[in-house]
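Below are the chains, spelled out letter by letter.
2 protein chains.
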Amino acid sequence: MFYAVIPAGGSGTRLWPLSRAGHPKFLHALTGTPLSLLQATYGRLEGLATPECTFVVTGVAHAAAVARQLPGLPEGNILVEPTPRDSCAAIGLAAAVIARRDPHAVMGAFAADQLVRDVPAFTDTLQRAIQGAEDGLLMTIGITPTHPETGYGYLHVGERVGAGDVCKVAEFAEKPAIDVAQRYVDSGEYLWNAGMFVWRVDVFLDELARQQPALHDGLRRIAEAWDTRDREEVLAEIWPGLTKISVDFGVMEGAGRAGLVGTVPGNFGWNDVGDFHTLGELLETDTAGNVVVELDPSSPAKPTVLMQDAERVVVVPRSGRLVAAVGVSDLIIVDTPDALLICPRARAQDVKKLVDSLKERGSSELL
Amino acid sequence: MFYAVIPAGGSGTRLWPLSRAGHPKFLHALTGTPLSLLQATYGRLEGLATPECTFVVTGVAHAAAVARQLPGLPEGNILVEPTPRDSCAAIGLAAAVIARRDPHAVMGAFAADQLVRDVPAFTDTLQRAIQGAEDGLLMTIGITPTHPETGYGYLHVGERVGAGDVCKVAEFAEKPAIDVAQRYVDSGEYLWNAGMFVWRVDVFLDELARQQPALHDGLRRIAEAWDTRDREEVLAEIWPGLTKISVDFGVMEGAGRAGLVGTVPGNFGWNDVGDFHTLGELLETDTAGNVVVELDPSSPAKPTVLMQDAERVVVVPRSGRLVAAVGVSDLIIVDTPDALLICPRARAQDVKKLVDSLKERGSSELL
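Protein chains in written order, with UniProt numbering: chain A, 1 to 367; chain B, 1 to 367.
Hints in this document: simulated from the structure, not taken from any laboratory. Heads up, a few of these hints could be off.
What the hints assert, rightly or not - Pair ranges (Cβ atoms, derived):
| # | chain 1 | residue 1 | chain 2 | residue 2 | range |
| --- | --- | --- | --- | --- | --- |
| 1 | B | Asp330 | A | Glu134 | 56 to 66 Å |
| 2 | B | Gly362 | A | Asp330 | 51 to 61 Å |
| 3 | B | Lys175 | A | Asp186 | 17 to 27 Å |
| 4 | B | Asn267 | A | Glu311 | 19 to 29 Å |
| 5 | A | Glu311 | B | Glu360 | 33 to 43 Å |
| 6 | B | Gly362 | A | Asp179 | 50 to 60 Å |
| 7 | B | Asp186 | A | Ala346 | 51 to 61 Å |
Keep in mind it's a predicted model, so treat the numbers as computed, not measured. All C-beta atoms, glycine included, are put in the ideal place defined by N, C-alpha and C.
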């Protein structure tokens with residue numbers, strides 16, 4: 001019995017103005033299919049976890065959208081956080097709820113907004129990670145790097161333990177500079193840290209208790225009340241005071257130093273769809289390298305894009321208007337009903353700063 | 001008594017998607033004031049010609065808009081062409097109508113979609129041109145070139161005749177290559193051909209009769225019927241068969257070879273506002289060289305443009321949406337309710353080709 005947990009949070013700031021606080025990245029179909037990233041994430045886990053053993057943790061603003069997008073998911077398996085308290089609380093809540101039902105269950109946590117190209121290879125990697133988890137390790141799935149990416153953290157792979165390619169993680173490495181990233185890739189000793197975790201809930205909760213005792217205690221009390229009439233009252237009392245920390249900083253790095261973290265290398269076309277440049281690299285291009293990110297590629301009513309002498313342009317047409325691009329290259333054009341973004345692909349990361357500016361000037365209706 | 005004729009035609013293709021067939025360039029306020037180009041053209045002629053002596057020649061699609069934009073212009077002075085027959089017919093119609101009223105009148109023709117920065121200097125130049133016209137020359141106002149522009153035709157200036165800087169035009173030169181344009185500018189012997197004409201209507205009509213006898217005869221018959229109940233019938237019969245030719249090719253070049261064309265140099269901040277790059281050069285920029293072309297600079301409801309690390313960008317916000325530009329330079333962004341244009345400033349001329357493509361694919365609703 002495997003439990004799948006899908007934290008569906010984060011607003012995908014670098015995908016603004018497509019991704020908004022009210023309709024974030026994970027609710028969008030971005031990858032050349034009519035499925036949203038959330039639906040695709042759910043779908044690729046269906047062969048491993050039953051709907052009854054699948055949980056989505058999300059915020060109050062998106063609970064209804066999640067329920068509609070995943071009609072097969074039992075209502076009670078949508079865990080709604082009253083306020084955002086970062087990933088350690090979100091994933092920890094799911095772990096504590098699952099542990100009440102099955103104290104030694106193996107669970108995996110898979111962000112709702114990532115892309116996996118090769119689902120059979122993903123399933124195979126996950127099964128090897130489950131083996132490591134059953135043996136008592138906190139497993140983090142590592143991605144074999146394809147290039148010296150500076151936008152991800154890395155895992156320094158240590159000694160092999162047990163069967164199935166499971167290795168200890170010697171160290172978690174922060175997002176590196178480009179020369180350091182190149183050294184990591186050349187060494188063959190590093191994997192990308194994809195933030196996909198697999199563990200026995202008892203092993204995880206023990207580490208949480210050791211490293212974050214207050215958070216552990218709060219989550220334990222919430223989980224005890226979860227299936228009772230006191231749930232809302234206890235949540236309201238305890239949730240707002242929970243430690244706000246990521247699961248990487250709150251548990252995994254400390255567990256790594258204690259020799260409790262393992263990894264298996266994955267090679268399944270993983271991508272975090274972090275920005276529009278990356279999105280452009282994922283999708284099929286025309287002969288000039290241009291990409292049009294259709295709303296729903298199966299829809300007959302296609303948006304209208306006209307390009308002349310354009311190269312490697314990423315267009316996201318979402319307003320129904322004609323987008324005409326002449327003589328431009330390596331550009332991002334995102335056209336939505338109330339906001340338009342123009343940005344070179346090389347500056348795709350800076351969209352985050354733009355959103356910060358909008359926040360500063362109080363344009364919350366556009367966020 | 002000076003007569004001013006304003007041909008208000010042409011759709012300003014290179015200013016698409018702002019300028020449309022249904023709402024062309026001359027109806028837009030583009031130059032940092034609330035006045036449309038047509039209104040500004042009318043306004044700068046008011047000191048020289050009374051409203052009764054001012055005529056606008058326009059197409060059926062724009063007669064109503066012209067009437068509304070120029071409430072002081074007598075209704076009968078809006079000459080409406082049943083179909084477009086190019087500038088020789090448009091200007092010739094006005095000349096023939098004026099000649100019926102005043103056979104030796106001096107008239108000037110001034111395109112409705114050009115910009116003049118220095119109105120007193122324009123008035124002074126025009127008065128010198130009127131002197132040359134009274135002396136029997138077909139005058140074309142030349143613009144002292146400020147740079148080797150390849151988008152304009154040139155006038156090769158010949159011998160001086162009479163007073164007031166009036167010179168013969170030795171030759172009309174086609175739009176030159178850049179090296180030729182540079183030679184023209186360096187020589188000091190060339191002026192830009194701005195397409196502003198001043199002449200006695202009898203002198204013009206005699207040349208029209210000599211070079212375009214059929215067109216002259218058709219216009220004479222229409223003018224005879226103009227103030228009668230037969231106007232519409234005669235127009236319907238004759239107008240569609242009129243020779244379709246520009247006044248430059250149809251009359252001025254031949255008149256030039258016959259030694260009948262004169263010019264005076266003008267230096268009054270003339271610009272044809274031909275494309276968005278040019279428009280960007282006309283308006284005030286921020287410290288990074290960016291220009292936002294406001295709908296109406298006097299309006300309190302300003303459109304929203306957010307630029308970060310943007311340089312020399314021309315933004316025309318006309319949809320009410322936020323336009324966010326990050327890290328781009330030398331770009332044109334024109335945002336209208338049904339179409340968006342993205343184009344480098346260096347490719348501003350190619351917008352015409354884009355419009356041709358739209359015509360080819362039958363997207364007439366966007367033209």
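Verification of the hints:
1. A beta carbon spacing of about 59 Å between Asp330 (chain B) and Glu134 (chain A) agrees with the range 56 to 66 Å that was offered as a hint.
2. Restraint check, Gly362 (chain B) to Asp330 (chain A): a C-beta distance of roughly 31 Å breaks the suggested window 51 to 61 Å.
3. Take Lys175 (chain B) and Asp186 (chain A): their Cβ atoms lie about 57 Å apart, and the range 17 to 27 Å is violated.
4. Here the CB-CB span from Asn267 (chain B) to Glu311 (chain A) is close to 42 Å, at odds with the stated 19 to 29 Å.
5. Here the CB-CB span from Glu311 (chain A) to Glu360 (chain B) is close to 22 Å, at odds with the stated 33 to 43 Å.
6. A hinted range of 50 to 60 Å for the beta carbons of Gly362 (chain B) and Asp179 (chain A) is consistent with their spacing of about 54 Å.
7. Separated by about 41 Å at the C-beta atoms, Asp186 (chain B) and Ala346 (chain A) break the suggested range of 51 to 61 Å.
When the structure is compared with the earlier hints, violations turn up for hints 2, 3, 4, 5, 7 and for no others.
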